[in-house]
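Novice: Chains as they are written, first to last, in the numbering used here: chain A, 1 to 292; chain B, 1001 to 1292; chain C, 2001 to 2259; chain D, 3001 to 3259.
Hints should not be assumed to be uniformly reliable.
Unchecked claim - Distance windows between CB atoms, simulated: (1) C:S2123 - B:D1041: 19 to 25 Å; (2) B:A1004 - C:D2241: 24 to 30 Å; (3) D:G3096 - A:D193: 45 to 51 Å; (4) A:Q269 - D:I3206: 43 to 49 Å; (5) A:A283 - D:S3259: 32 to 38 Å; (6) B:A1004 - D:R3062: 50 to 56 Å; (7) A:S246 - D:P3242: 39 to 45 Å; (8) A:K279 - C:D2241: 58 to 64 Å; (9) A:A235 - D:R3062: 48 to 54 Å; (10) C:D2170 - B:R1247: 55 to 61 Å; (11) A:K279 - B:A1004: 38 to 44 Å; (12) A:D193 - C:D2241: 46 to 52 Å.
Unchecked claim - Covered, in the sense of this in silico footprint (three residues per stretch, anywhere, with C-beta under 8 Å from a C-beta of chain A), are these stretches of chain C: (13) 2064-2076; (14) 2168-2181.
If you're looking for bench data, these hints aren't it; they were derived computationally from the structure.
Don't be surprised by glycine CBs; every beta carbon is placed ideally from N, CA and C.
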Amino acid sequence: MSMAEAIESFLPDGSTVALGVALEPLIPFAAGHEIIRQRRDDLNLVGPISDSLFDQLIGAGCVRRVTAAWVGNVSEGLGHCYRRACEQAIPRTLEVRDHSNFSISLALWAAAWSVPYLPTRTLLGSDILRTNPDLSVVGELAHVDAVRPDAAIVHVQRADEQGRAHAWGPLGITEEAGLAADRVIVSCEELVDAEVTLSDPNRILFPETKVVAVVHEPGGAHPSPVQGYFKRDHAFYRDYAEHSRSREGFEAWLHEWVLDVPDRATYLQRIDVESLRVKEHRASAPADFGFE
Amino acid sequence: MSMAEAIESFLPDGSTVALGVALEPLIPFAAGHEIIRQRRDDLNLVGPISDSLFDQLIGAGCVRRVTAAWVGNVSEGLGHCYRRACEQAIPRTLEVRDHSNFSISLALWAAAWSVPYLPTRTLLGSDILRTNPDLSVVGELAHVDAVRPDAAIVHVQRADEQGRAHAWGPLGITEEAGLAADRVIVSCEELVDAEVTLSDPNRILFPETKVVAVVHEPGGAHPSPVQGYFKRDHAFYRDYAEHSRSREGFEAWLHEWVLDVPDRATYLQRIDVESLRVKEHRASAPADFGFE
Amino acid sequence: MSEPAARYTAQELMVAVASREIRDGDLVFVGMRLPVLAYAVARNSHAPNARGLFEVGLMRDRPASAFLGTMGDPPNVTGALWATRMSNAMALMAQGNVDLGFIGGAEVDRFGNLNTSYVGDPSRPNVKLPGSGGGADIAILSRRWVTLMGHERRRLVDRVSFITSPGYGDGSPGWRKRSGLLGGGPVAIITTLGVLRFPEGGGEAILESVHPGHDLREVLDNTGWDLGVSASVKETPAPTDPELEAIRRFDPEGFWTRS
Amino acid sequence: MSEPAARYTAQELMVAVASREIRDGDLVFVGMRLPVLAYAVARNSHAPNARGLFEVGLMRDRPASAFLGTMGDPPNVTGALWATRMSNAMALMAQGNVDLGFIGGAEVDRFGNLNTSYVGDPSRPNVKLPGSGGGADIAILSRRWVTLMGHERRRLVDRVSFITSPGYGDGSPGWRKRSGLLGGGPVAIITTLGVLRFPEGGGEAILESVHPGHDLREVLDNTGWDLGVSASVKETPAPTDPELEAIRRFDPEGFWTRS
């Protein structure tokens, strides 16, 4: 399935969607850019830190609410579109539901386990408790209300057609996001045979019953890193930060890199992919799944 | 470190100890038998289903309390020592804190996250809520109080001297048991170099900061299965079930297989290990942890 | 036992009957023993798209390729679609993703409540049973569930003294909803003598069919309450040859079905 | 900037000073940017047994072997002791296993409260800052923590208008305990001009040292409250050659320390 078909079919306007759930690596930028090209509206973005993908979706006007711990550009600092939306309602008003990294994870575990909330010892003493209606203090504990995404979108190293996804490296809140979501859209560097994914069922991220689309999208996480495949493109983040300082600069950047680009393959032709590609391979020791 | 040293050093009388946390596979029988040989007393056993290891520890008089979802012999049925302890206080009185499989997992997650309880929608309508003081109903939810083991003991396929353990196959409640416990004792089929475990940090079960002992104990899970290494010894479970029907039969079994056996190596000499060994190997597809 | 026993055992019939409860496309929470075989039979006949979820932390879309003494045996892991933590399998069930669950029972009552914990006073029981395992979780969270047990007067009782895994509680309309239970409750009790089924929306089990070689009187005499009988009570269809063939392929030595 | 700047930058000094807060054997919750370098410096000098825990879901016992733009960059994963979920890293901190945490701040006040959320009315802020990230978690759950920031009057304020990551709240004795916070709170504020330290048991930060090339007046003029000065206020020890060498090895292009 193409990314365009996946977003068209499984991410309607108004969706609550979890993105960037592995934090800095494996951010599904290709999916995010397709969301922008299809001019999705009224989205509720859910995630821990997002590293500029949220900023782009907000600047493009796709977002009604952000439910996150941090929105900006990790190596560069502030998210300029996020600031303009919160401070000046440009391009539209934005509702913010602040979380901490721990609490957004708990909000997703609550949804995964079908409970209305989970209690925690974090957030106590923080004013986040005052501004986010999904958080409260009961006795000596904070209660974090469940956040159930309609969809979670993840980029992984490899997956098969049936939706069995293998990802490695730090996983952030990937697992709880996928379990909490009604449906999962997977984009992958490599589309592999089931014999590859099933050779290591412990590395399969989600039950296939959650996965509604698998998109073969090499380079779909650029400029974020993909262990074993791509390094992080620090300069690209810096370039985005500079262009997005002004609304006009952002609009120009958005046209150049998203709106006037038909698909990810074309996007990659404009990047020095080879300089980013991981070339020294380090294979993990195999696990023996023999049984007889 | 030897199993005898590990139990001597890290499992004092009165400990709350999690065992058999992967359910039917990877049960640390060698550790359990050493606990019996060292005549540990007043233990509080924590686990999901235990598959006859708990029955043996109870029959040997090591146990004051059981905090578990199920105690018996999975392929054979009832746990006869467990019955004698609960019904006739033989060899001593036993306190039982009944859980379901889901609730014992939540009790450990509560401890891992340092909260006094976790809410759940399971257990509602079950009389388990009436008999276990660690469970309660608040509004429309059941509250499962935290259970924090002093120690968790796990058997894994491989580990290094520094405590980085690799296990695969279904993990049951292994991860939350290790995170909730103050300390973890690991026994392993293979003691490997750190380059093997660190080649796949996603497969490392626990932070090494939790692990206090690594025991190289091949066959340490017999008669339970070890993916890639040993099949389950069904006949051994049946033999145990038959002998343990009577207290005398159990005592005889305990002498033959535990008390009169100095260590696991000697125990294995009495078993047809080759007939149980997995001989057809199935290596998992490697993950590429390259970065440059 | 009478004539049909020559062709199949009581356990084989129970497995065949249980397999017919599985619908194509179901996600089945597979309990130990006979249900493992029931999933295998269904998957190889009328439910090719049924998946199995195992509380140990596994999902499969086909039976294991060798005999299983427990759901955690190595053959059940090789080729699994997911090897994970128990709490993740439970999460799917809590979300209503599990269509059918199987629970083994020691005692069941007219309202489908199961006791696998205590016979007599829990503080000093006459019999201490193994406990819930995942039973209570399945009974509370799965969309529908079935239990299998030997048909004896001491097992099929008017009211269980201890509810480990709740069915329809006191049998009053809406008991599960009032008690906050998410799942739908039991749909059938499959015994060594017949099949008891619960009405839509729950309540009290009534006799739906009597197994070949047994009669209504035998069923009623061995049931601990005044069992209602369906107006259309019939004989339980015997296992077909393909069903028996599948059962014997997955339990070649009769570990579960000929002991 | 004055003479010492020739040998090192203000950021390099801050990293060196931050590294000295790490004790051998500490489990350090490493935040982004300068703290990543501070861990690398400490690990290569006085704290060979210090481990780093990263909220993305990593534990390490040595610095990455290549430059890191973020804690999730591939060099930080290769050779990691544990690659896991964020909630597992947070579990260790909630259990009191994290000895020291680093938090970046936009605004800090005399009681060590950090604001990284809103300047002005949260419903229509003058400035929307990125938010907590893991900051609030570290501030509440780690045994002790340190923050680093540029020393400006608008950043070091009397009281922050919004507490994202709590220090000692209103500064009253026992505020953290009364509020249910598990961790110990902030121990130091490391700025571009000096080091402010909190007394044992918390309270109000006082000036402990002034960085080489700067003077007391400059520090006081750039602090938004009447900053207390330690009777033993001294000059911050300059970075040693080994410290600078380590910093430049892990930030070869000065991405963090020469911009």
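Novice: Now, for every hint given, state plainly whether the structure supports it.
Specialist: Verification of the hints:
1. At roughly 23 Å, the beta carbons of S2123 (chain C) and D1041 (chain B) sit within the given window of 19 to 25 Å.
2. In this structure the supplied range 24 to 30 Å is violated for A1004 (chain B) paired with D2241 (chain C), their Cβ-Cβ distance being about 57 Å.
3. A C-beta distance of roughly 46 Å is found between G3096 (chain D) and D193 (chain A), which places it inside the suggested range of 45 to 51 Å.
4. Remark: the range hint 43 to 49 Å for Q269 (chain A) to I3206 (chain D) is contradicted by a beta-carbon distance near 58 Å.
5. Taking the beta carbon of each, A283 (chain A) and S3259 (chain D) are about 37 Å apart, inside 32 to 38 Å as hinted.
6. For A1004 (chain B) and R3062 (chain D), the Cβ-Cβ distance of about 34 Å falls outside the hinted range of 50 to 56 Å, so the restraint is violated.
7. Take S246 (chain A) and P3242 (chain D): their Cβ atoms lie about 44 Å apart, and the range 39 to 45 Å holds.
8. Checked against the hint of 58 to 64 Å, the pair K279 (chain A) and D2241 (chain C) passes, with Cβ atoms roughly 59 Å apart.
9. Hint check: A235 (chain A) to R3062 (chain D), Cβ distance near 27 Å, so the stated range 48 to 54 Å is violated.
10. Evaluation of the 55 to 61 Å hint for D2170 (chain C) and R1247 (chain B) yields a failure: the beta carbon distance comes to about 40 Å.
11. Between K279 (chain A) and A1004 (chain B) the C-beta distance comes to about 49 Å, which lies outside the given range of 38 to 44 Å.
12. The hinted window of 46 to 52 Å between D193 (chain A) and D2241 (chain C) is violated, with their beta carbons roughly 35 Å apart.
13. For the segment 2064-2076 of chain C, the assignment as covered by chain A holds, since 4 residues bring a beta-carbon within under 8 Å of that chain's beta-carbons and 3 suffice.
14. Evaluation of the coverage hint for the segment 2168-2181 of chain C: breached, as 0 residues show C-beta separations to chain A shorter than 8 Å, against a requirement of three.
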